[in-house]
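Next come the chains, spelled out residue by residue.
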Amino acid sequence: EAQVTQNPRYLITVTGKKLTVTCSQNMNHEYMSWYRQDPGLGLRQIYYSMNVEVTDKGDVPEGYKVSRKEKRNFPLILESPSPNQTSLYFCASMFPGEETQYFGPGTRLLVL
Amino acid sequence: QKEVEQNSGPLSVPEGAIASLNCTYSDRGSQSFFWYRQYSGKSPELIMFIYSNGDKEDGRFTAQLNKASQYVSLLIRDSQPSDSATYLCAVTTRAQKLVFGQGTRLTINP
Chain A
1 EAQVTQNPRY LITVTGKKLT VTCSQNMNHE YMSWYRQDPG LGLRQIYYSM NVEVTDKGDV
61 PEGYKVSRKE KRNFPLILES PSPNQTSLYF CASMFPGEET QYFGPGTRLL VL
Chain B
113 QKEVEQNSGP LSVPEGAIAS LNCTYSDRGS QSFFWYRQYS GKSPELIMFI YSNGDKEDGR
173 FTAQLNKASQ YVSLLIRDSQ PSDSATYLCA VTTRAQKLVF GQGTRLTINP
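Those protein sequences? They're chains A and B, same order as listed.
Position 21 of the first sequence, counting from 1, maps to 21 under the numbering used here, and the rest follow consecutively.
Position 4 of the second sequence, counting from 1, maps to 116 under the numbering used here, and the rest follow consecutively.
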């Protein structure tokens, strides 16, 4: 089954404790992206990657890191999480030029 | 001015009626326009895309694009309770960036 998976789905952590949210897709997509979704603000792009070893900042990259060592994986790293990073996070992937972007199930993060 | 703007709602429509969702965008060079549906607690899923001025129909859904007015809309005919969701408008800007609106919450009342 074609899918994008994210782990964990839910996470409660404390300020400053490094965490990683994993994202994996099995569709051989070149393009992958991370979004955060907050009430009233819609989906905002954090980082995206056009292919292996190619990453770029989206609209809200501060406080986040990503890496793309393999085509299928695109982890999101919060080196020192803060409460304002409490949000719902989505990973997505697609073939560039195609219309459909496939979203993962989301990761709900609470930073205390 | 927000790059993509939607009325956040909630929009309440009786079952069987037409639901009309609207979206405006600021980048006149935008090329591609998308409508996503997001059920509560779920991830967004693409339901329509449109590139050219005019209407595009797919079943009960019609997307309408007016580039001169920088306006895109989604009509849902014969609304069903299962259409109750948040609808996200997304636009690809001239810089090839996909920008989402804040979403409109739609409720279909039986």
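Simulated from the structure, these hints should not be mistaken for lab results.
Small disclaimer: the values here were computed from a predicted structure and weren't measured.
Glycine included, each C-beta is placed from N, C-alpha and C at the ideal position.
Wrong hints could be hidden among the right ones.
In silico DSSO-like pairs for lysine-lysine, Cα to Cα no more than 27 Å straight-line [as the list claims (entries may be wrong)]:
1. B/168 x A/57
2. A/65 x B/209
3. A/18 x A/71
4. A/65 x B/179
5. B/154 x A/71
6. B/209 x A/71
7. B/114 x B/168
8. B/209 x B/154
If you want the footprint, here are the derived chain B segments under chain A, 3+ residues with CB under 8 Å [stated by the list, open to error]:
9. 155-165
10. 213-220
Computed spacing ranges between beta-carbons, pair by pair [unchecked claim]:
11. B/129 x A/15: 26 to 34 Å
12. A/19 x B/129: 16 to 24 Å
13. B/164 x A/63: 35 to 43 Å
14. A/108 x B/119: 36 to 44 Å
15. A/10 x B/180: 17 to 25 Å
16. A/20 x B/152: 20 to 28 Å
Hints versus structure:
With a C-alpha separation of about 33 Å, the suggested pairing of residue 168 of chain B with residue 57 of chain A is violated against the 27 Å cut-off. About 19 Å separates the Cα atoms of residue 65 of chain A and residue 209 of chain B, which keeps this hinted pair within 27 Å; it holds. Between residue 18 of chain A and residue 71 of chain A the alpha-carbon distance is near 24 Å, which keeps this suggested pair within the 27 Å criterion. For the suggested pair residue 65 of chain A and residue 179 of chain B, the alpha carbons sit about 36 Å apart, so the restraint of at most 27 Å is broken.
Between residue 154 of chain B and residue 71 of chain A, the direct Cα distance comes to roughly 25 Å. Compliance with the 27 Å bound is thereby established for this hinted pair. Between residue 209 of chain B and residue 71 of chain A the alpha-carbon distance is near 21 Å, which keeps this suggested pair within the 27 Å criterion. With a C-alpha separation of about 25 Å, the suggested pairing of residue 114 of chain B with residue 168 of chain B holds against the 27 Å cut-off. Under the criterion of a C-alpha separation no larger than 27 Å, the hint pairing residue 209 of chain B with residue 154 of chain B is consistent with the structure, at around 23 Å.
Beta-carbon proximity to chain A at under 8 Å applies to 5 residues in the stretch 155-165 of chain B; the threshold of 3 is reached and the given coverage holds. Against chain A, the stretch 213-220 of chain B contributes 3 residues with a C-beta closer than 8 Å to a partner C-beta. That satisfies the three-residue criterion, and the hint holds. One distance hint, 26 to 34 Å for the beta-carbon pair residue 129 of chain B and residue 15 of chain A, is violated here, with the actual separation near 48 Å. In this structure the supplied range 16 to 24 Å is violated for residue 19 of chain A paired with residue 129 of chain B, their Cβ-Cβ distance being about 46 Å.
Evaluation of the 35 to 43 Å hint for residue 164 of chain B and residue 63 of chain A yields a pass: the beta carbon distance comes to about 40 Å. Taking 36 to 44 Å as the suggested C-beta distance range, the pair residue 108 of chain A and residue 119 of chain B does not conform, at roughly 26 Å. Taking 17 to 25 Å as the suggested C-beta distance range, the pair residue 10 of chain A and residue 180 of chain B does not conform, at roughly 45 Å. For the hinted restraint 20 to 28 Å between residue 20 of chain A and residue 152 of chain B, the CB-CB distance of approximately 27 Å keeps it satisfied.
Comparing the model with each numbered hint stated earlier shows that hints 1, 4, 11, 12, 14 and 15 do not hold.
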